[in-house]
Amino acid sequence: MSAAAAPGPVLRIEDLHLQIHDAGRVTTILRGVSLAVPAGRIHALVGESGGGKSMVTRAATGLLPAGARITAGRIVLAGEDVTGWKESRWRGVRGRVVSMVLQDPLTALNPGRRIGAQMSDVLRLHRGLAGAGAWAEAAALLDRVHVREAQRVLRSYPHELSGGMRQRVVIAMAWACRPQLIICDEPTTALDVTVQKQVLRLIRELTGEGQGVLLVTHDLGVVAKLCHSMSVIHGGRVLESGAVEEVYARPRHPYTRALLAATPRFDRPGDALVPVDEALIAGLDAQAQAYDRERGLR
Amino acid sequence: MSRRAVAPLGARLVRSPRVLFGGLVCLLLVAAALLAPWLAPMDPLEQDLLSPFEPPAWSGAAAPPSPDDAPRHWLGTDNLGRDVLSRLIYGARTALIVAVTAALLAALAGSTLGALAGYAGGRADTVIGRLVDVWMSFPPVLLAIVLVSVIGTGLVSVIVAIAIVDWTRFCRVVRAETRAQRALDYVTSARMLGLSAPRILLTEVLPNVTPLLITLLTLEMGIAIVVEAMLSFVGLSVASGASTWGGMLGEGRLYVNQAPWLMVLPMAAMMLAVLGLNALGDGLRRELDPVVRR
Numbered sequence: 001m002s003a004a005a006a007p008g009p010v011l012r013i014e015d016l017h018l019q020i021h022d023a024g025r026v027t028t029i030l031r032g033v034s035l036a037v038p039a040g041r042i043h044a045l046v047g048e049s050g051g052g053k054s055m056v057t058r059a060a061t062g063l064l065p066a067g068a069r070i071t072a073g074r075i076v077l078a079g080e081d082v083t084g085w086k087e088s089r090w091r092g093v094r095g096r097v098v099s100m101v102l103q104d105p106l107t108a109l110n111p112g113r114r115i116g117a118q119m120s121d122v123l124r125l126h127r128g129l130a131g132a133g134a135w136a137e138a139a140a141l142l143d144r145v146h147v148r149e150a151q152r153v154l155r156s157y158p159h160e161l162s163g164g165m166r167q168r169v170v171i172a173m174a175w176a177c178r179p180q181l182i183i184c185d186e187p188t189t190a191l192d193v194t195v196q197k198q199v200l201r202l203i204r205e206l207t208g209e210g211q212g213v214l215l216v217t218h219d220l221g222v223v224a225k226l227c228h229s230m231s232v233i234h235g236g237r238v239l240e241s242g243a244v245e246e247v248y249a250r251p252r253h254p255y256t257r258a259l260l261a262a263t264p265r266f267d268r269p270g271d272a273l274v275p276v277d278e279a280l281i282a283g284l285d286a287q288a289q290a291y292d293r294e295r296g297l298r
Numbered sequence: 001m002s003r004r005a006v007a008p009l010g011a012r013l014v015r016s017p018r019v020l021f022g023g024l025v026c027l028l029l030v031a032a033a034l035l036a037p038w039l040a041p042m043d044p045l046e047q048d049l050l051s052p053f054e055p056p057a058w059s060g061a062a063a064p065p066s067p068d069d070a071p072r073h074w075l076g077t078d079n080l081g082r083d084v085l086s087r088l089i090y091g092a093r094t095a096l097i098v099a100v101t102a103a104l105l106a107a108l109a110g111s112t113l114g115a116l117a118g119y120a121g122g123r124a125d126t127v128i129g130r131l132v133d134v135w136m137s138f139p140p141v142l143l144a145i146v147l148v149s150v151i152g153t154g155l156v157s158v159i160v161a162i163a164i165v166d167w168t169r170f171c172r173v174v175r176a177e178t179r180a181q182r183a184l185d186y187v188t189s190a191r192m193l194g195l196s197a198p199r200i201l202l203t204e205v206l207p208n209v210t211p212l213l214i215t216l217l218t219l220e221m222g223i224a225i226v227v228e229a230m231l232s233f234v235g236l237s238v239a240s241g242a243s244t245w246g247g248m249l250g251e252g253r254l255y256v257n258q259a260p261w262l263m264v265l266p267m268a269a270m271m272l273a274v275l276g277l278n279a280l281g282d283g284l285r286r287e288l289d290p291v292v293r294r
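Going down the list, the protein sequences come from chains P and C. Positions 1 to 298 (this note's numbering) are the ones given, in order, by the first sequence. Positions 1 to 294 (this note's numbering) are the ones given, in order, by the second sequence.
With the rest of the complex left out, here is chain P:
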């Protein structure tokens, strides 16, 4: 892998177009997405369901579903163009250069195996640790994510742990090989509010070690507290991106304004919440269709 300490962004996506071909039907999912995640920063990808957020994370990890095709644009991961890589090349990169924390920690862990065994797998694969060495490192990793009684947790099955504990384990596994980019796909959606806060604090703390984080969320409160920069995505297009303070203070796109107006603000408790205007969404959808027509997409 080229220059680990490259000053450039750990993930750069340029004008990414992606379609899904399924039994003769073609659906355009991404229409020119561009974003960059600098090292040591947390970049938020914000948008509603179906906007293409997940597909961006899938593309950045080479885990695209069957039938998905990148039709234009490129993905640069840690200085290397990974667009169109084969599965065999991706395997050496996943877990080592890029890693992912999924939404629901219960389903992200194998229900039938002990935590210790699952963590050891990763350590053996990428760091050549085995047996007692892997076990000790796994315990150290759990300490790092503030899990008490690491030894007991390592001997537990996922169902024996609480949701917050499981998500810490998942985060520890994602961090195990100090990847340069970590993608967190709605890491707190499945957790209790109190636990959410702890997990978010943990993510910020770990980012201090120099990794870039791409945080996928629809919670603008989380973005405000945690992230440095953000991209607002809808209909497979990035509508607005920039530093978080900038976007919050002066949202340029009407969709961003609508999202912000629909989010409760602690600093302005008196404000009424405004649902996102349906006409606005319809307008965006029409734009997306026009975009497709112009380029002969379907």
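Calculated directly from the structure, the hints in this document are not laboratory data. Bear in mind that the values here come from a model prediction, so they are computed numbers and not experimental data. In this text, a Cβ means the ideal position worked out from N, Cα and C, and glycines have one as well. Check the hints yourself; a few may be wrong.
[As the list claims (entries may be wrong)] To be clear about the criterion: a stretch of chain P counts as covered by chain C if any three or more of its residues have a C-beta under 8 Å from a C-beta of chain C, and this derived list gives those stretches:
(1) 55 to 69
(2) 96 to 102
[Claimed, not checked] Facing chain P, according to a computed beta carbon distance under 10 Å, are these residues of chain C, among others:
(3) V187
(4) E204
(5) T210
Given the coordinates of chain P, work out where chain C should sit on it, guided by the hints.
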């Protein structure tokens, strides 16, 4: 999150009537098969042409005149004066060997292909899926008979034939289950962490398919016993001298008016064995499957 107190698996299994009944029947079957030489009162092949068609001991009054020093035939004798009980016990041996090896072979072949199809998807899935469809469109017994007549009779041929006919059962189930598992987050996580496909299949998918496989295996053993009996019945199984339930059934059929027990007894043995295996499989499924268990 509430955590229900769940009794340990062993305790639950013992408490399940299905598992208990099925387990006992299987134990009986295994004991009979392993200990046949000691359990059987007589040599199953020894003929006693002086006392053919002796009825079972319980039919009391109808007992035919027999020399007082003659050994007692608890379940009667067949047309050649062979002891039915001994033949049934030795028959359990054949039945069990066929059931276990054929089911294991079918499971191995079927699950390997099923896992491949389910995990790889795409072209591999299409090819294997169509193959299974074509395979299953053959009547299974007919296919087995054709196979055995092509590869020749004998224990090994019967086992191979049953495995070749029945691997599709495992293939379909394992394929569906692998597909379902593959879509789960922890398989995505495993891929995300860079594990290779065979490794994911072995450590992530297989353990979660195992309960299903155990269940299928016991059911398949029941089926194998029946198929073996059918092949024996049409004379395509083990050499005719050996004791098999199907062979006994086939021979007994000729004398059904004179000596109905010659058909009824092997049939009962077979039914008990299959019933036991099915009960065991069903019971295991209920206890091992977290969705059915309530």
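Against the structure, the hints come out as follows:
Given a C-beta distance limit of less than 8 Å, the hint that chain C covers the segment 55 to 69 of chain P holds, as 3 residues qualify and 3 suffice. Under a criterion of three residues with beta carbons nearer than 8 Å to beta carbons of chain C, the stated coverage of the segment 96 to 102 of chain P is upheld, 4 such residues being counted. For V187 (chain C), the interface hint holds, since its Cβ comes within 10 Å of a Cβ in chain P; the closest pair sits about 8 Å apart. Using the Cβ-Cβ criterion of 10 Å, the hint placing E204 (chain C) at the interface with chain P is satisfied: the shortest such distance is roughly 5 Å.
Among the interface hints, the one on T210 (chain C) holds; its C-beta lies about 8 Å from the nearest C-beta in chain P, closer than the 10 Å criterion.
In terms of the numbered hints stated before, the structure departs from none.
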